[in-house]
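Q: Protein chains in written order, with this note's numbering: chain A, 1 to 113; chain B, 1 to 111.
The hints are simulated quantities; they were obtained by calculation from the structure and are not laboratory data. Hints may be right or wrong, so weigh each one.
[As the list claims (entries may be wrong)] Think about it this way: if two alpha-carbon atoms lie no more than 30 Å apart in a straight line, the pair counts; the simulated DSS-like pairs of lysine-lysine are:
#1 A:78 / A:57
#2 A:42 / B:9
#3 A:42 / B:14
#4 A:42 / A:69
#5 A:69 / A:58
#6 B:14 / A:69
#7 A:59 / A:69
#8 A:100 / A:59
#9 A:57 / A:42
These numbers come from a predicted model, not from an experiment.
So you can see what is in the structure, the chains are spelled out below.
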Amino acid sequence: ILNVEQSPQSLHVQEGDSTNFTCSFPSSNFYALHWYRWETAKSPEALFVMTLNGDEKKKGRISATLNTKEGYSYLYIKGSQPEDSATYLCAPSLSSNDYKLSFGAGTTVTVRA
Amino acid sequence: NAGVTQTPKFQVLKTGQSMTLQCAQDMNHEYMSWYRQDPGMGLRLIHYSVGAGITDQGEVPNGYNVSRSTTEDFPLRLLSAAPSQTSVYFCASQGSSYEQYFGPGTRLTVT
Chain A
1 ILNVEQSPQS LHVQEGDSTN FTCSFPSSNF YALHWYRWET AKSPEALFVM TLNGDEKKKG
61 RISATLNTKE GYSYLYIKGS QPEDSATYLC APSLSSNDYK LSFGAGTTVT VRA
Chain B
1 NAGVTQTPKF QVLKTGQSMT LQCAQDMNHE YMSWYRQDPG MGLRLIHYSV GAGITDQGEV
61 PNGYNVSRST TEDFPLRLLS AAPSQTSVYF CASQGSSYEQ YFGPGTRLTV T
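Chain B with its partners taken away, still in its complex shape (with noise of 0.2 Å):
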């Protein structure tokens, strides 16, 4: 039982380009997000999902996409990143006990 999983850890990238962050998690959770995490400012929730094929967006969703095609897959997609996006990103999921388990995060910085 791996928990929460997310690929890659660490991640530069320039200004423009895109890329997809991985979330996967193997404990039948239905409900699954992103967050991210900058200094001062606490976690804030950027897209979830509470099922395959249900998404919708959190507090800061602009310049970032998401889909659910499977209940253990949650991607996140940078369009065309820009330096405003250099943060810690964290994927969670949680079940019926109101608990989030989150994965150990990817630090993204754009140049």
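If we strip away everything but chain A, and leave its shape as in the complex, we get (with noise of 0.2 Å):
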């Protein structure tokens, strides 16, 4: 079981505003890291899966870094849209034989229009 923290644990948005969010877990026995988004009434969707140091990802306006080193991620949303509320979660895993993930409690994100 690792310690995964996300911060804020929700933040408001106004609608064309971009934001950004933190997802810190410990640094040692690090393999990869996972964020999910997950939407009101559905089910967990995957985001990214990143595995190196300073990596970063994107998907549309969405965007996330890796720093393995110091054990954190950031997640960017540029342009915020009412579609992009959610709740935003990052797991980390140990190993590629290890699937296992242990999620932080998320970022629940809200975007005024």
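Hints in hand, dock the two standalone chains.
A: Dropping the structure here:
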């Protein structure tokens, strides 16, 4: 069980504004960092899987960076839209053979039109 | 291709009753897992399986049993339901892409 912290717990963003939030995890024995997007009344869906220090992933207006040495990842939303409203979960994994994920409690983003 | 399916979607149990939550996937994934989601706590791993015939405990296994007789199915059994098991339960599967695919969830209330 890994200690995974996400901050802030929630945030409200005006439509069109950009925002970012953090996932912190133990930097030792790290293999990969997973980001999931979880919309209300739906199931979590994978956004990114990141393994390399300095890695950056992008999907549309959402991007993420990874610092494995200090144990954190940032997720950015550029020009937030109401459809970006969701809870964003992160979860590190320890090895390529270890599929167990320890999820953080998530950051809930609400985009106001 | 249905992905990951779960039944039932909703269930109300009385304390002490037993039941099985069903999970099936049609993606031929070896890895399957069960999570519970409680307010403010994110997803917590209950049990997982790396293939047919192989299961292991996750973070919160007490009060739950699992079996994996086929690649497709991974049922979760509540032996004697307790109010503390009121939660939303998600089943997930994973192939070689490191992405976990989640089912729609089962909302369980134990009174």
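Q: For residue 42 (chain A) and residue 9 (chain B), compute the direct alpha-carbon distance and say whether it is at most 30 Å.
A: holds, 12 Å
Q: With a cut-off of 30 Å on the C-alpha distance, tell me whether residue 14 (chain B) and residue 69 (chain A) pass.
A: violated, 49 Å
Q: Are residue 57 (chain A) and residue 42 (chain A) close enough, with their CA atoms no more than 30 Å apart?
A: This hinted pair holds, its Cα atoms lying about 23 Å apart.
Q: Verify the proposed pairing of residue 42 (chain A) with residue 69 (chain A), using a straight-line Cα cut of 30 Å.
A: The hint is violated at about 34 Å.
Q: Regarding the pair residue 42 (chain A) and residue 14 (chain B), is the alpha-carbon distance no greater than 30 Å?
A: Holds - the C-alpha atoms of residue 14 (chain B) and residue 42 (chain A) are around 27 Å apart, at most 30 Å.
Q: Quick one, are residue 100 (chain A) and residue 59 (chain A) close enough, alpha carbons at most 30 Å?
A: Status holds; Cα separation ~24 Å.
Q: Below or equal to 30 Å on CA atoms is what counts here, so check residue 69 (chain A) against residue 58 (chain A).
A: Between residue 69 (chain A) and residue 58 (chain A) the Cα gap is close to 21 Å, so the pair holds against 30 Å.
Q: Between residue 78 (chain A) and residue 57 (chain A), does the CA-CA distance stay at or below 30 Å?
A: holds, 13 Å
Q: Measure nothing beyond the straight line between the CA atoms of residue 59 (chain A) and residue 69 (chain A); if it is 30 Å or shorter, mark the hint as holding.
A: Roughly 24 Å separates the two Cα atoms, so the pair holds.
When held up to the earlier numbered hints, the structure conflicts with 4 and 6 and fits the remainder.
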